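There are 2 protein chains.
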Amino acid sequence: MKERKIGVGLMGLGVVGGGVARVLTDRAGLLTERVGLPLVLRKVKVIEPDLARPLAQEMDSSLFTTDADEFFATPGMDIVVEAIGGEEPALRYLKRALSAGKYVVTSNKEVIAKHGAELLDLARQRGVGVYFEASVGGGIPLIAPFQHSLVANRIAGIYAIINGTTNYILTRMARDGVDFTSALKKAQELGYAEANPENDVEGIDATYKLAILASLAFQTQVHPGDVYREGISRLSNRDFRYARELGYAIKLLAIAKEENKEVEVRVHPVFIAEDSLLAKVDGVYNAVLVEGDLVGKVLFFGEGAGALPTSSAVAADVVAAARDIALGVSSGAGFSLEPGKVIKPMAEIESRYYLRLNVADRPGVLAQVSRVLGDRLISISSVIQQLADEVAQTAEIVIMTHPAGEAAMQSALGELAELPVIKEISSFIRVEA
Amino acid sequence: MKERKIGVGLMGLGVVGGGVARVLTDRAGLLTERVGLPLVLRKVKVIEPDLARPLAQEMDSSLFTTDADEFFATPGMDIVVEAIGGEEPALRYLKRALSAGKYVVTSNKEVIAKHGAELLDLARQRGVGVYFEASVGGGIPLIAPFQHSLVANRIAGIYAIINGTTNYILTRMARDGVDFTSALKKAQELGYAEANPENDVEGIDATYKLAILASLAFQTQVHPGDVYREGISRLSNRDFRYARELGYAIKLLAIAKEENKEVEVRVHPVFIAEDSLLAKVDGVYNAVLVEGDLVGKVLFFGEGAGALPTSSAVAADVVAAARDIALGVSSGAGFSLEPGKVIKPMAEIESRYYLRLNVADRPGVLAQVSRVLGDRLISISSVIQQLADEVAQTAEIVIMTHPAGEAAMQSALGELAELPVIKEISSFIRVEA
Numbered sequence: 001m002k003e004r005k006i007g008v009g010l011m012g013l014g015v016v017g018g019g020v021a022r023v024l025t026d027r028a029g030l031l032t033e034r035v036g037l038p039l040v041l042r043k044v045k046v047i048e049p050d051l052a053r054p055l056a057q058e059m060d061s062s063l064f065t066t067d068a069d070e071f072f073a074t075p076g077m078d079i080v081v082e083a084i085g086g087e088e089p090a091l092r093y094l095k096r097a098l099s100a101g102k103y104v105v106t107s108n109k110e111v112i113a114k115h116g117a118e119l120l121d122l123a124r125q126r127g128v129g130v131y132f133e134a135s136v137g138g139g140i141p142l143i144a145p146f147q148h149s150l151v152a153n154r155i156a157g158i159y160a161i162i163n164g165t166t167n168y169i170l171t172r173m174a175r176d177g178v179d180f181t182s183a184l185k186k187a188q189e190l191g192y193a194e195a196n197p198e199n200d201v202e203g204i205d206a207t208y209k210l211a212i213l214a215s216l217a218f219q220t221q222v223h224p225g226d227v228y229r230e231g232i233s234r235l236s237n238r239d240f241r242y243a244r245e246l247g248y249a250i251k252l253l254a255i256a257k258e259e260n261k262e263v264e265v266r267v268h269p270v271f272i273a274e275d276s277l278l279a280k281v282d283g284v285y286n287a288v289l290v291e292g293d294l295v296g297k298v299l300f301f302g303e304g305a306g307a308l309p310t311s312s313a314v315a316a317d318v319v320a321a322a323r324d325i326a327l328g329v330s331s332g333a334g335f336s337l338e339p340g341k342v343i344k345p346m347a348e349i350e351s352r353y354y355l356r357l358n359v360a361d362r363p364g365v366l367a368q369v370s371r372v373l374g375d376r377l378i379s380i381s382s383v384i385q386q387l388a389d390e391v392a393q394t395a396e397i398v399i400m401t402h403p404a405g406e407a408a409m410q411s412a413l414g415e416l417a418e419l420p421v422i423k424e425i426s427s428f429i430r431v432e433a
Numbered sequence: 001m002k003e004r005k006i007g008v009g010l011m012g013l014g015v016v017g018g019g020v021a022r023v024l025t026d027r028a029g030l031l032t033e034r035v036g037l038p039l040v041l042r043k044v045k046v047i048e049p050d051l052a053r054p055l056a057q058e059m060d061s062s063l064f065t066t067d068a069d070e071f072f073a074t075p076g077m078d079i080v081v082e083a084i085g086g087e088e089p090a091l092r093y094l095k096r097a098l099s100a101g102k103y104v105v106t107s108n109k110e111v112i113a114k115h116g117a118e119l120l121d122l123a124r125q126r127g128v129g130v131y132f133e134a135s136v137g138g139g140i141p142l143i144a145p146f147q148h149s150l151v152a153n154r155i156a157g158i159y160a161i162i163n164g165t166t167n168y169i170l171t172r173m174a175r176d177g178v179d180f181t182s183a184l185k186k187a188q189e190l191g192y193a194e195a196n197p198e199n200d201v202e203g204i205d206a207t208y209k210l211a212i213l214a215s216l217a218f219q220t221q222v223h224p225g226d227v228y229r230e231g232i233s234r235l236s237n238r239d240f241r242y243a244r245e246l247g248y249a250i251k252l253l254a255i256a257k258e259e260n261k262e263v264e265v266r267v268h269p270v271f272i273a274e275d276s277l278l279a280k281v282d283g284v285y286n287a288v289l290v291e292g293d294l295v296g297k298v299l300f301f302g303e304g305a306g307a308l309p310t311s312s313a314v315a316a317d318v319v320a321a322a323r324d325i326a327l328g329v330s331s332g333a334g335f336s337l338e339p340g341k342v343i344k345p346m347a348e349i350e351s352r353y354y355l356r357l358n359v360a361d362r363p364g365v366l367a368q369v370s371r372v373l374g375d376r377l378i379s380i381s382s383v384i385q386q387l388a389d390e391v392a393q394t395a396e397i398v399i400m401t402h403p404a405g406e407a408a409m410q411s412a413l414g415e416l417a418e419l420p421v422i423k424e425i426s427s428f429i430r431v432e433a
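Line by line, the protein sequences give chains G and H. Counted the way the numbering used here counts, the first sequence spans residues 1 to 433. Counted the way the numbering used here counts, the second sequence spans residues 1 to 433.
With the rest of the complex left out, here is chain G:
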């Protein structure tokens, strides 16, 4: 009798796809042992430029095709690994694979964040599975814990550093005192930031990942568009200096909380206590802190991107899919939807705030500022006032507030901006406990 084999098709041979191709070929023996059946790479869908890569030169050329129809017609292909990235054509290919009854593994955060529920539905209909551990946090186990290890918990909150590029930039700004532009340039030189860095530095990438984690944690559909978002490009050196002085680090945090079926999801810079574990997560590392009602606080830390860490997660998912195929079961877990959950409007959140104002250096200014806050019951926990520019006769006022409502705070900012004595609202950053 011919031994059963599990056939794998790979779409994409870029950074992630190349890493996956290497792992599937270099350690076929190890993976076969973990599955219990041989895993065989059957076909790789590439685009023309991929064929010039050194890796493509090393591999058997009959594995490659640039034609999607040919790829999908490959016999004995049980699993399709999508490592193309971006919304299209990845989404189309994933649907095609599922419709053809193939199990799919993907590292595509954008597609899962935007269309995860639809893909999981399609998989259920076809009796197959969708595996997406690599879509968030590279090789750090993050999807599996929510699908398995933490299932008995009601999740209260997620606090995550899930974009390595911005964390690298913030780390350099904090350590070297350089400004955003220089830190970004350094990140680009090192290959940590792309030529067009918007997706990372404006927090878009983080909203995809947060939408996925929040959907799993709260068993509801959180769309990336539901996530309030601010990037890091407007942070100044001065904020880092004040943060240090006040005992904080500045991080781009992805936050998701649930209370009374209201789900709060936001990505923005925060002041975070410098002795907290998240404050110590430096450079391109990622960390996700989860608060569950049984488990308490658990934290997952590691490299959140890169060819090897991501291929670790993809290969684990390929093994999981292959085991499920061998057992003849579809993947049991997914987004199951609890009814009645709503997204909390940003105006209704509560936070503490850090506020830096450039003001006219004359008596009574602080009193005016205090009145604007006090009128809205926003109470001040500390103030620093110091001369900013002797010639221009301006001073800088830095205020930390006690917890206050976002709507009240935005209204206060509106009135402050109108005050003649205020030259500029230089910074406005939320503070996490």
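One or more hints might be untrue.
Which copy is meant is left open, because identical chains are indistinguishable; a pair holds if it fits in one copy or across any two.
[Stated by the list, open to error] Calculated lysine-lysine pairs in the DSS-like style (CA-CA distance at most 27 Å, straight line): (1) Lys186 with Lys297; (2) Lys186 with Lys114; (3) Lys280 with Lys341; (4) Lys344 with Lys257; (5) Lys344 with Lys186.
By construction, these hints were calculated from the structure, which means they are not laboratory data. Since the structure is predicted, the reported quantities are computational estimates derived from the model, not experimental observations.
With the hints as your guide, set chain H onto chain G.
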């Protein structure tokens, strides 16, 4: 048609068992939703004293039995949760459950460390599964990552703080400058240490957990007896003071490494760089750092014990077992054994060392000490020498070495102990990079 239900039997109603009973009853709805079939608690095996507990008073008394035969005769019991702890009768009950074709979930680190391979074999023969996420690190996902998320990796090393009691004691010694005895007393008052603390403070508990993690990580059978072990009871205040001065924290670390099929497993106090993440893990928290060849460094952090965190892991395992039962599959993962791996003798390990000596305060002593080390090619990276006791005319010498072999170091310690100018080898602690 009658809807299928998954029946659960629970053995033990102590701290862990009580927590599990609460979770299974209080959130039956949530668990049922996660499984897709109703989970029903059928029977609880207790010992007489358990029946007096408030929890037992709240529960339906017909659930209880003190008789193991009656427990095992309960109809419709698909899963047995063992929360008794200790080697016997837990092992006997687990074998009995498996032999009767029941899936078992256990939080019993001692049984899994000593008899895990045997139990997994028995489960395989009967087509059922053994689930033991709760045996290490409370609710922190640690077993699942090795069985699933990290399977494509070759694991190079594990560095773990996996005993909350000792970490609490070391944290107090470091922060408050108190000695071991006072810190232990405080831990006992707070319920973090038992009346007889030996199992924790001598590192025995940590060897069980490390044996389990190393067996999974390296796919070989590591017995607790294979683990080199030193506890924390001989650490002195002075060591903490020098550690701080030299830029280190002191932690009880469980270390497992593999190189060339040689597995190194040890539990002992270490000096660890104070800016490392593990150095920041304080109080009763646990953390496990794993180094994989693809994933790089990943760290898992959380509460490593307690009724709620442990019941989070047990309940997740019950859900996993129930899903497997519903799908009609046995648990796919376990210890699979790679041939040819051996335990590296402690004498062959390499480390850096911290050495504190009480010596006669007279010229030439340091030269003698240096000669003993130099003769064995152990090179010194830093030395502190200071007066210890003017009346007794003794000095203290603190030496940090470069990496050296353990055998050479032990031989040096032997010769140093014989030198007339050396009053005492006060401390000898390994240093982790």
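Checked hints:
1. Lys186 with Lys297: Answer is between; shortest inter-copy Cα gap is 24 Å, intra-copy 34 Å.
2. Lys186 with Lys114: neither (32 Å within a copy, 52 Å between copies)
3. Lys280 with Lys341: neither (34 Å within a copy, 37 Å between copies)
4. Lys344 with Lys257: within (10 Å within a copy, 47 Å between copies)
5. Lys344 with Lys186: neither (37 Å within a copy, 44 Å between copies)
Hint compliance for this structure: hints 2, 3, 5 are broken, all remaining hints hold.
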